[in-house]
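Position 65, counted from 1, in the sequence shown is what my numbering calls 74; the numbers after and before it change by one each time, with no gaps.
A couple of the hints might just be wrong.
Distance ranges between label pairs, derived from CB positions [to be verified]:
{"#": "1", "residue 1": "N17", "residue 2": "F109", "range": "19 to 25 Å"}
{"#": "2", "residue 1": "T15", "residue 2": "F94", "range": "27 to 33 Å"}
{"#": "3", "residue 1": "S80", "residue 2": "V56", "range": "23 to 29 Å"}
{"#": "4", "residue 1": "K92", "residue 2": "F54", "range": "31 to 37 Å"}
{"#": "5", "residue 1": "L90", "residue 2": "K46", "range": "40 to 46 Å"}
{"#": "6", "residue 1": "K46", "residue 2": "P111", "range": "17 to 23 Å"}
{"#": "7", "residue 1": "T65", "residue 2": "M115", "range": "18 to 24 Å"}
{"#": "8", "residue 1": "A102", "residue 2": "T15", "range": "27 to 33 Å"}
{"#": "9", "residue 1": "K46", "residue 2": "L16", "range": "47 to 53 Å"}
{"#": "10", "residue 1": "V99", "residue 2": "V74", "range": "17 to 23 Å"}
{"#": "11", "residue 1": "A57", "residue 2": "F109", "range": "21 to 27 Å"}
{"#": "12", "residue 1": "A24", "residue 2": "A57", "range": "29 to 35 Å"}
{"#": "13", "residue 1": "K46", "residue 2": "Q87", "range": "44 to 50 Å"}
Read the hints as simulated data drawn from the structure, not as lab findings. Ideal Cβ placement from N, Cα and C applies to all residues, glycine included.
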Amino acid sequence: METKQTLNNGPAAAAILAAGIGSFAFGLAVCLSQAVKAVANFFTFSVAVGPLAGKTTSSIVVWLVSWIILSLMLKNRQVSLAKVFAAALVLIALGLLGTFPPFYDML
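Based on the sequences and whatever the hints tell you, model everything.
This is the structure:
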């Protein structure tokens with residue numbers, strides 16, 4: 010008798026959603042850095058590079074931490090990949106929007 014095993018898609022969902030969260034974090038960091046001088050100073054890890062180094066580094070940390078947390082939360086679960094993918098696309102779109110000067114200049 011053969012048993013059919015289903016693979017849990019939680020780890021894949023965690024990776025997809027973490028990518029969206031990291032993208033959104035970058036867009037948010039760009040907007041905040043442009044709007045608040047103190048935030049830009051906080052993100053200035055290197056004077057030669059300016060706040061870009063801090064924004065990208067912080068976004069990578071947010072992505073990695075969210076991936077780890079989501080992986081632990083979803084490791085043995087079966088989730089709706091369509092909903093996860095839709096949420097990730099929205100987060101990626103918002104992150105991308107936050108990097109456009111016409112958008113963050115409105116702030």
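Where does the structure disagree with the numbered hints, that is, which hint numbers, in rising order?
-> Going through the list in order, the structure violates hints 1, 2, 3 and respects the others.
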